[in-house]
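Q: In case you want the letters, here they are:
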Amino acid sequence: MRQQPPDEPRADSVESQERLAGMQREMDEMRVLVRQLIGTNAVENVLINGFCKLSAQLEPLAELTPPRRTPMDPKDMARLAHVRAELKRPSWIGTGSLEPPHPSWSTP
Amino acid sequence: MIQQLIQRMVDAGYTQNAAALEVLTADPLDLALHMEQVWNAGGHPVGPARQALLATGKFAAYAPPAGSRAWDHLGYSYALENTRAVQILRRVVRAFRAGETLGIPLADTQRWLDATECLLFGAANPLSPWLSTSEVRRPAEDVRRNAYDRVFGVQLAFGTDDNQPSTYDRPNVSNAQFVHLFEELLFEVWQAISNVKNSSGVNSSDDDRIYRIAQELQFTLQSRRQQQLLDREELAAATALGWTELSFNANTPFIRDCGVTGTDEASRCKSLGLKVGLPAHGKSEAMFAMAPDLSLFLRTLESDVVKKGTAWVLYLDQPPPASPPGAPTPIGEESRRLITEWAAATGKDLKVRAKPVDTARPRLVSVQ
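Just so you know, the sequences run in chain order A and B. Residue numbers for the first sequence follow the working numbering, beginning at 1 and rising by one. Residue numbers for the second sequence follow the working numbering, beginning at 1 and rising by one.
Bound conformation, chain A alone (with noise of 0.2 Å):
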């Protein structure tokens, strides 16, 4: 009968411990990226922070500068409104021909 030898490694054993290899790597990676998420994180957070107190301290100047559309006086618009009015006129975009005349109107 034949018998393998003792200090060949078994073919299972192998692959198992390379599978254990492969995850410890992964391991390590995802160790590496979990600190490094974890600092930008805090640099985030420094920055918003930051920014939030600077944007309330200078909200008192927003109410400095003079808004730049004002309304118009009550004058002004009535004034327009006049001219729209005066100058109102109706549409001729695609009029083909004119309907025949209103019933009203008869020929002399």
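Think of the hints as simulated: they come from the structure by calculation, not from any bench. Accuracy of the hints is not assured; some may be wrong.
[Said to hold, decoys possible] With a straight-line cut-off of 27 Å between C-alpha atoms, the simulated DSS-like cross-links for lysine-lysine are:
| # | chain 1 | residue 1 | chain 2 | residue 2 |
| --- | --- | --- | --- | --- |
| 1 | B | K348 | B | K283 |
| 2 | A | K75 | B | K307 |
| 3 | B | K307 | B | K58 |
| 4 | A | K75 | B | K283 |
| 5 | B | K308 | B | K197 |
| 6 | B | K58 | B | K197 |
| 7 | B | K275 | B | K308 |
| 8 | A | K75 | A | K88 |
| 9 | B | K351 | B | K283 |
| 10 | B | K275 | B | K307 |
| 11 | B | K275 | A | K88 |
| 12 | B | K308 | A | K75 |
| 13 | B | K307 | B | K197 |
| 14 | B | K307 | A | K53 |
Fit chain B to the supplied structure of chain A, relying on the hints for placement.
A: Below, chain B alone, put in the same frame as chain A:
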């Protein structure tokens, strides 16, 4: 004046086409009487005899309310007249009256011919002395040329009907700087329109400059209108050119009798021009399209509503958020169309500045 009359008839219950036919086939005396009613309502009260006569007109019920200048600005007439439509109609009238080269006109077209001769070419009617022409200033086209020269410092793009230079009375004063200022204003308005929704980028709009140029243009225009000067000429021009526009607004009886059709005013005008041997202006589409917007734009400038802080009237489509409810709509939409059509008609790209602003000429007046 003519378009506003149709609008008032539509407001009173007419359909638009029926109102247009009523006007196009009206007795010329009724139209002249209505023109006097519009003149009367526009702050030029007439005497009791005329008042009594005005009430007998067919369109007396559609008079504008007192205090209304219910006719288009002279700019409207200038834009439309540059299409050469009036001279084309002159040839049409001559062809119909002198022979049968254009065929036999039907009854509707004959009535249109009567009114056209009265409103455009000075045919005698009981009210002809009230028009803007007389023994010392005729024909009506020369009176209009003189008015365009005085108010805008410009001339029409063509000479007389037979391609001779026009011999109208040259004015000794004219707003020669008008076009330069006007195009500068349109450029600034376009910058503002482009930046209406720009809240964070580089913003090249300048409300203060719009206000200053608008005010300068207002002064320029009003300098030729002191004591209501040129009002009568403006109304006569708006009536003549309004009639011309209406004649081309649809396939009207006279257009059909001439044997041409078209899908818009410019195509009808061009076809008719070819038929009578007088080509219309190549940019007629832009001129027909810009005329009403130009009228509203110039009338808004003259009405003194563009103040410091309210230059937005010229470039916004809606009143700013802080406005009270019921505030009138600004003219931003009309300004945008005007810029596009003015650029198409003149060949100048108003949306880019060709060269830096020349501050040496013309100088803006100081404002208190």
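Q: Take the C-alpha atoms of B/K307 and B/K58, compute the straight-line distance between them, and say whether it is at most 27 Å.
A: violated (42 Å)
Q: Could you grab the alpha-carbon distance between B/K308 and B/K197 and see if it respects the 27 Å cut-off?
A: With Cα atoms ~21 Å apart, B/K308 and B/K197 stay inside 27 Å; holds.
Q: Hint check: B/K307 vs B/K197, CA-CA at most 27 Å. Holds or violated?
A: holds (22 Å)
Q: Just to be careful, I want the Cα atoms of B/K58 and B/K197 compared with a cutoff of 27 Å; is the pair within it?
A: Violated - the C-alpha atoms of B/K197 and B/K58 are around 50 Å apart, more than 27 Å.
Q: Hint check: B/K307 vs A/K53, CA-CA at most 27 Å. Holds or violated?
A: violated (39 Å)
Q: Taking only the CA atoms, is the gap from B/K275 to A/K88 under or equal to 27 Å?
A: violated (33 Å)
Q: Measure nothing beyond the straight line between the CA atoms of B/K275 and B/K307; if it is 27 Å or shorter, mark the hint as holding.
A: violated (49 Å)
Q: Would the hint linking B/K308 and A/K75 be met if the CA-CA limit is 27 Å?
A: Judged against 27 Å, a Cα distance of about 15 Å means the pair holds.
Q: Given the hinted pair B/K351 and B/K283, is their alpha-carbon gap at most 27 Å?
A: holds (19 Å)
Q: Is the Cα-Cα distance between B/K348 and B/K283 27 Å or less?
A: holds (13 Å)
Q: Quick one, are A/K75 and B/K307 close enough, alpha carbons at most 27 Å?
A: The given pair, whose Cα atoms are some 12 Å apart, holds under the 27 Å limit.
Q: Checking one constraint from the list: CA of A/K75 to CA of A/K88, max 27 Å. Satisfied?
A: Roughly 20 Å separates the two Cα atoms, so the pair holds.
Hints 3, 4, 6, 7, 10, 11 and 14 from the list above are not met by this structure, while the remaining hints are.
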